[in-house]
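> Chains A and B supply the protein sequences, listed in that same order.
Using the working numbering, the first residue of the first sequence is number 1, and each one after it goes up by one.
Using the working numbering, the first residue of the second sequence is number 1, and each one after it goes up by one.
Everything labelled a hint here was simulated from the structure, so no lab data went into it.
Among the clues, some could well be false.
[Said to hold, decoys possible] If you want the ones that stay clear, here's a sample from chain A, every Cβ over 12 Å from chain B, calculated:
{"hint": "1", "residue": "11"}
{"hint": "2", "residue": "41"}
{"hint": "3", "residue": "44"}
{"hint": "4", "residue": "46"}
{"hint": "5", "residue": "103"}
{"hint": "6", "residue": "106"}
{"hint": "7", "residue": "212"}
{"hint": "8", "residue": "282"}
{"hint": "9", "residue": "381"}
{"hint": "10", "residue": "413"}
{"hint": "11", "residue": "450"}
[Unchecked claim] Partial selection, computed: residues in chain B whose CB lies under 10 Å from chain A:
{"hint": "12", "residue": "585"}
{"hint": "13", "residue": "631"}
{"hint": "14", "residue": "681"}
{"hint": "15", "residue": "692"}
{"hint": "16", "residue": "735"}
All C-beta atoms, glycine included, are put in the ideal place defined by N, C-alpha and C.
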Amino acid sequence: MLLTLSTTHRPATDLGFLLHKNPDRPQAVDVSSGRVHVFYPEASDERCTVALLLEVDPIALVRGARGTSADGFSLGQHVNDRPYAASSLLAVALGKVFASARRGTSKERPDLVGVALPLEIRLPALSCRGGAGMAERFFAPLGWTVEARPVPLDETFPEWGDSRYIELRLTGTQRLADAINHLYVGLPVLDDAKHYWVSSDEIDKLLRAGEGWLGTHPDRDMITRRYLAHRVSFARQAMARLAEVDDLDPDTLDDAVAPTGGADEREQPPVPLVVQRHGAVVAELRASGATRVLDLGCGNGALVQTLLEESALIEIVGVDVSARALEVAARRLHLDRMPERQRARLSLLQGSLTCADGRLRGYDAAVLMEVVEHLDPDRLPALERTVFADAAPGTVIVTTPNVEHNVRYPALLPGGLRHRDHRFEWTRSEFAQWATGVAGRHGYVVRIDGIGTDDPEFGPPTQMAVFTRRVGSVSEVAA
Amino acid sequence: MSDDDVRRTDDDHSDDHADRPRRGLAIPELALVVLIGASGSGKSTFARRHFLPTQVLSSDFFRGLVADDENDQASTPDAFDVLHYAAATRLRAGRLTVVDATNVRREDRASLVALAREHDVLPVAIVLDMPEEVCLERNAARSDRDLPAGVVRRQRSELRRGLRGLGREGFRKVLLLRSPEDVDTAALTYEKQYNDRREDTGPFDVIGDVHGCRAELEELLVRLGYVLTHDDRGRPTGAAHPEGRRAVFVGDLVDRGPDSPGVLRLVMGMVAAGDALCVPGNHENKLVRALRGRNVQLSHGLQETLDQLAHEPEDFRQAVEEFCYGLVSHYVLDGGALVVAHAGLPEKLQGRSSGRVRSFALYGDTTGETDEFGLPVRYPWASDYRGRAMVLYGHTPVPEPEWVNNTMCLDTGCVFGGRLTALRYPERQLVAVDAARTYYEPARPFLVDGALPPGEREPDVLDIDDVLGKRVVETRLAGRVTVRAENAAAAIEVMSRFALAPEQLLHLPPTMSPVATSRQPGLLEHPAEAFAYYREAGVALVVCEEKHMGSRGLALVRRDDLNGSADRPVERRGAVYTRTGRSFFGGDLTAALLTRLAGAVEAAGLFDELASDWVLLDTEVLPWSAKAGELIRAQYAAVGAAARAAVPAAVRQLEQAAARGLDVGELLDRQRQRSTDAGAFTAAYRRYCWPTDGLDGISVAPFQALAAEGTTFADREHAWHLEVADRLAVAAPGLVRGTAHRYVDLADPASESVATDWWTELTALGGEGMVVKPAANLTRGVKGVVQPGLKVRGREYLRIIYGPDYTRPENLDRLRDRNLGRKRGLALREYALGVEALERVARGEPLWRVHECVFAVLALESEPVDPRL
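Take the sequences, apply the hints, and build the full model.
Structural data, given as structure tokens:
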């Protein structure tokens with residue numbers, strides 16, 4: 001991967017003194033990811049350019065990370081863009097090779113250190129999630145003129161569109177140390193890749209490099225979030241391997257912990273819809289008098305957290321099919337330092353709504369909040385058996401999107417669903433038909449309600465069914 | 001139905017009574033033996049003499065375990081907690097257990113009796129009632145214990161007070177030993193339980209509820225091949241099978257039907273002659289009580305039976321009463337492989353003895369609720385059943401007998417105008433005769449023909465315990481295969497969220513190992529190593545099959561798919577799915593593809609030839625980009641794009657620097673080489689991408705037929721499989737491709753080199769390579785099952801796997817150091833699981849048994865193994 005930095009300051013060769021690198025002597029330094037070469041393609045009084053070329057050794061990169069075994073890494077860690085695209089690896093190399101310049105020290109030209117110089121920086125392939133606009137968002141507030149051109153994926157398949165790389169040219173008048181720090185932080189932030197390759201102490205170093213300018217950057221939240229978002233857990237690695245078996249992008253399978261909400265969360269009403277859903281569910285639970293409840297498909301535990309505040313509930317069981325979602329829920333709920341009495345009310349279980357599960361029997365109520373639409377329609381009868389015939393709680397609360405309301409979300413394409421993993425979204429009559437069928441087959445009475453602003457034409461954004469088991473009634477499937 | 005509340009235990013027939021002690025004692029093979037005696041009475045010595053050390057749980061030992069001091073009386077409650085836990089664990093596993101403690105107080109014994117009942121085993125008491133001076137003398141001789149004489153005296157008096165009540169406390173057998181001589185001469189023997197007929201291996205004909213339908217029973221027996229014998233009045237009194245088969249009646253011989261006495265006469269004769277076994281139904285149980293003059297409701301057809309019996313002589317009625325009273329709740333037959341009980345029996349109650357066992361066997365598992373017809377609601381125990389034994393039962397009339405988790409209800413409602421059904425065991429073949437007419441109107445509508453009411457059939461439902469946690473799967477080919485809990489956890493999510501319904505996932509393909517690493521310059525893989533592997537394994541002939549560079553796809557093709565519409569229940573729908581069980585295409589495209597594939601299978605005559613309405617094909621679906629498009633763009637095309645943007649730019653900068661006279665020559669050469677490699681990498685993936693539109697551009701290359709109704713094809717040689725593929729290709733040109741192949745005689749170097757040249761040619765054109773397989777297919781070598789196939793991938797293809805510049809010597813040298821051991825082990829375990837799944841399908845095993853194999857393949861795929869192999 002390559003970076004060039006040029007100046008037209010006179011004499012331009014002062015750049016060599018500022019960087020502590022002689023323009024007439026190519027140098028090479030070993031870094032953890034490979035070998036970084038520093039050389040000057042041009043060095044005249046009018047213009048001087050330094051090139052930083054990092055030769056990544058992809059084999060050593062993976063092996064060096066954890067012993068010598070190639071097992072336990074996904075294919076994406078073996079064959080990837082790291083040797084070519086500018087990313088955190090280049091940032092680390094930059095920090096090492098130009099350490100003094102970045103600190104702003106120069107023995108030969110101490111007077112130039114504080115002077116803003118005319119600079120031009122070029123990156124032929126910068127990994128940049130969010131495209132040219134994101135590069136503009138990062139560098140423009142720091143005083144750079146940004147020219148960014150997307151790199152096409154493959155010219156033989158123009159329909160594939162652009163890659164996530166941009167060819168970047170920055171021009172501006174900046175102190176050299178600032179310019180290096182901007183790149184040092186900017187490269188990994190724009191790359192926004194999982195930190196398979198960079199140890200966590202490196203991340204801390206990168207954060208420290210933001211001193212003096214990161215705090216006032218308009219996008220400082222996005223910048224720090226991107227740093228910290230990508231720790232890798234075991235559960236994640238196991239899922240990544242399963243994705244690879246099927247030639248899939250790991251995120252296609254491992255999406256149980258979605259970083260952002262669906263389309264209905266992006267269109268924020270005064271009270272967010274998710275809060276309204278929690279409120280409606282809690283109200284129904286109160287009305288039912290339930291004290292022992294199941295949150296089926298609890299995800300990262302948002303509803304569980306709300307339920308814990310309900311003192312009437314003496315037992316709350318969060319169930320999810322994703323081991324990683326449960327890991328996140330346990331962290332988020334601070335399970336390990338929850339007071340003993342509180343902790344005794346709560347359990348988190350891995351389970352599948354398509355399998356009968358003896359652990360779920362005998363509860364007062366079960367909540368399936370925004371869950372059914374994540375199952376293929378083929379599997380709904382299995383869910384029906386598990387929940388209504390086998391677990392058979394006194395009350396079952398099901399919420400799901402009302403697809404008719406989707407026209408009220410301008411961000412959605414016509415016919416689009418609110419979340420990438422939704423297998424279907426029901427109209428009000430489809431939901432009512434399913435709900436009354438289920439109720440009839442299993443001895444429940446059902447009442448259907450809405451959550452959110454009731455649109456006169458298209459109904460509320462979320463629909464809810466509250467099933468109540470008839471006394472002495474019996475599920476047909478269990479008969 | 002549930003009209004009899006009297007619960008009795010199986011061993012009521014025993015002639016042992018608590019108040020008639022004797023020195024010899026027959027102990028049931030599975031029992032909780034409670035030793036009772038004062039300190040110093042010699043319990044531990046007695047236990048050592050008669051039982052294995054591991055069978056004896058002594059309170060002294062457990063006091064030591066919890067408190068480091070066998071005599072620390074303060075620790076007694078804790079010690080007994082642990083002792084009870086250990087005893088419960090042993091009893092659950094069906095192991096005889098002896099409790100060595102004083103047990104002189106009634107409350108101590110009560111908790112042990114409760115423990116025995118909880119595990120449905122019989123409690124047995126052995127009392128050592130030694131003279132006081134014997135106990136005192138023995139205690140005095142012990143240096144570790146200093147017990148006051150008063151303690152022993154009190155223990156003895158407590159013991160003697162409780163002695164007469166031991167039977168009432170629930171002990172089924174009591175052995176009373178009153179002197180050291182008694183102890184010395186005591187003899188213990190073991191007796192089988194009445195229900196234990198494991199040595200009886202059949203063959204059997206298990207017959208459903210007869211309910212007084214004598215004529216239908218006669219007809220059924222004749223159809224099954226029995227020869228009836230009659231008395232001088234022409235009434236059937238027995239039936240014998242010339243081949244020695246025996247009938248097993250599931251109970252409910254009587255009530256409702258026209259001739260209950262006739263049925264009894266016939267069955268009693270068969271049982272007496274050894275031609276039949278019979279377990280009681282709830283109707284026999286109630287009949288006994290009625291005949292004994294108890295006050296029972298004369299409902300559910302009992303009145304008819306009593307009226308019919310009234311015409312019989314007294315001695316016949318007497319014989320009926322004795323026969324019905326003597327029936328044993330259930331039988332465990334054929335080494336434990338078959339259990340017969342009237343209302344069925346879950347595994348934990350099989351071969352056990354208790355009131356609960358009898359009650360379950362007679363009435364089933366009722367929920368305590370009643371349905372809209374006033375009948376008791378039964379818990380569907382069979383859908384939870386995971387036992388090893390086949391369970392045959394009756395009790396609840398069903399329109400059609402169906403297998404549910406290796407259990408079958410044989411009550412097909414003969415008396416209600418249905419049929420009388422028998423199952424031939426071990427053949428699993430049904431034989432039935434129609435009822436001559438409806439003899440009795442059922443309380444709940446009973447359908448003979450037509451559609452089942454929704455929910456009537458208990459579907460095979462998977463249980464979370466079938467998939468959660470650490471799993472061990474028994475396979476024929478590789479023994480026990482273990483799946484770790486964390487791998488199961490990942491597989492549960494993928495299976496539940498993304499996979500097809502388990503009814504459609506009969507199999508998942510195993511991973512395949514590459515050949516051992518080649519030492520030839522510039523190559524990582526070469527055919528020579530594959531030939532060497534099989535030669536060493538003792539294989540004489542291998543087949544090399546062209547590797548189609550697409551995505552693995554399993555095609556479950558059903559005759560029903562000919563009709564196109566996907567509006568069928570899931571178990572009648574075909575599927576095309578990926579290595580993790582996801583549907584390959586969306587619904588419409590899948591339906592269109594299946595229609596064409598079913599057409600090809602039909603046109604090739606395979607449905608008829610295989611005598612099956614379905615066939616499972618192992619295929620490669622092309623192009624690769626059809627499924628992996630997103631991955632190709634996100635990963636491979638992206639790497640190529642980055643490389644082609646960055647490397648030439650670096651070359652330009654270096655050329656400029658070189659022009660300035662800087663010494664960058666070596667670096668420049670490397671970057672130029674990298675630039676070439678980047679181009680080759682892009683060319684490598686481009687070969688496997690082309691646009692498709694609907695089915696246009698899609699092709700399917702089947703290379704193995706895996707299974708069809710009742711059979712698997714892992715043993716058929718590959719020549720057959722390849723011929724099937726060719727026939728399908730002829731039947732569906734443009735959609736189905738055959739697989740090019742070459743056979744290699746491993747003793748003939750010329751044959752080898754022909755195949756090697758072929759491989760070189762294929763891969764030079766950018767082909768993925770080939771797979772080398774034993775021509776005979778499933779092969780056992782000297783060290784067990786050999787690899788079912790080894791892949792030999794081409795040099796250019798491997799760029800996609802190992803990176804653009806893997807061919808540079810310094811990279812290749814390091815990459816050669818790859819460890820194939822794990823991959824090979826995994827490939828064999830997954831192969832064994834895949835074959836096991838299909839064999840279980842062929843044997844008609846329950847869904848959960850098939851699914852555990854399929855699930856295990858998926859779980860193993862999440863194990864960490866070098867993904868480039």
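> Confirm or reject the statement that residue 41(A) sits farther than 12 Å, beta carbon to beta carbon, from all of chain B.
Residue 41(A) is in fact no farther than 12 Å from some Cβ atom of chain B, at 4 Å.
> With a cut-off of 10 Å, does the beta carbon of residue 631(B) approach a beta carbon of chain A closely enough for the hint to hold?
holds, 5 Å
> Hint residue 585(B) vs chain A: min CB-CB distance below 10 Å?
Not OK, violated: residue 585(B) not within 10 Å of chain A, min 14 Å.
> Looking at residue 450(A) again, its CB stays over 12 Å from all of chain B?
Non-interface label stands for residue 450(A): nearest chain B Cβ at 27 Å, farther than 12 Å.
> Can you verify the interface hint for residue 735(B): is its Cβ closer than 10 Å to any Cβ in chain A?
violated, 21 Å
> Can we trust that residue 282(A) is non-interface, i.e. its beta-carbon lies farther than 12 Å from all of chain B?
Holds, since 27 Å exceeds 12 Å.
> Regarding the assertion that residue 11(A) does not contact chain B, is the least Cβ-Cβ distance greater than 12 Å?
Non-interface label stands for residue 11(A): nearest chain B Cβ at 16 Å, farther than 12 Å.
> Does residue 413(A) really sit off the interface, with its C-beta more than 12 Å from all C-beta atoms of chain B?
holds, 17 Å
> Could you check that no beta carbon of chain B comes within 12 Å of the beta carbon of residue 212(A)?
holds, 30 Å
> Looking at residue 46(A) again, its CB stays over 12 Å from all of chain B?
holds, 14 Å
> Please settle this one: residue 106(A) was flagged as non-interface, so is its CB more than 12 Å from every CB on chain B?
holds, 23 Å
> Measuring Cβ to Cβ, find out whether residue 103(A) lies farther than 12 Å from everything in chain B.
holds, 26 Å
Consistency note: the structure conflicts with the earlier hints numbered 2, 3, 9, 12, 15, 16.
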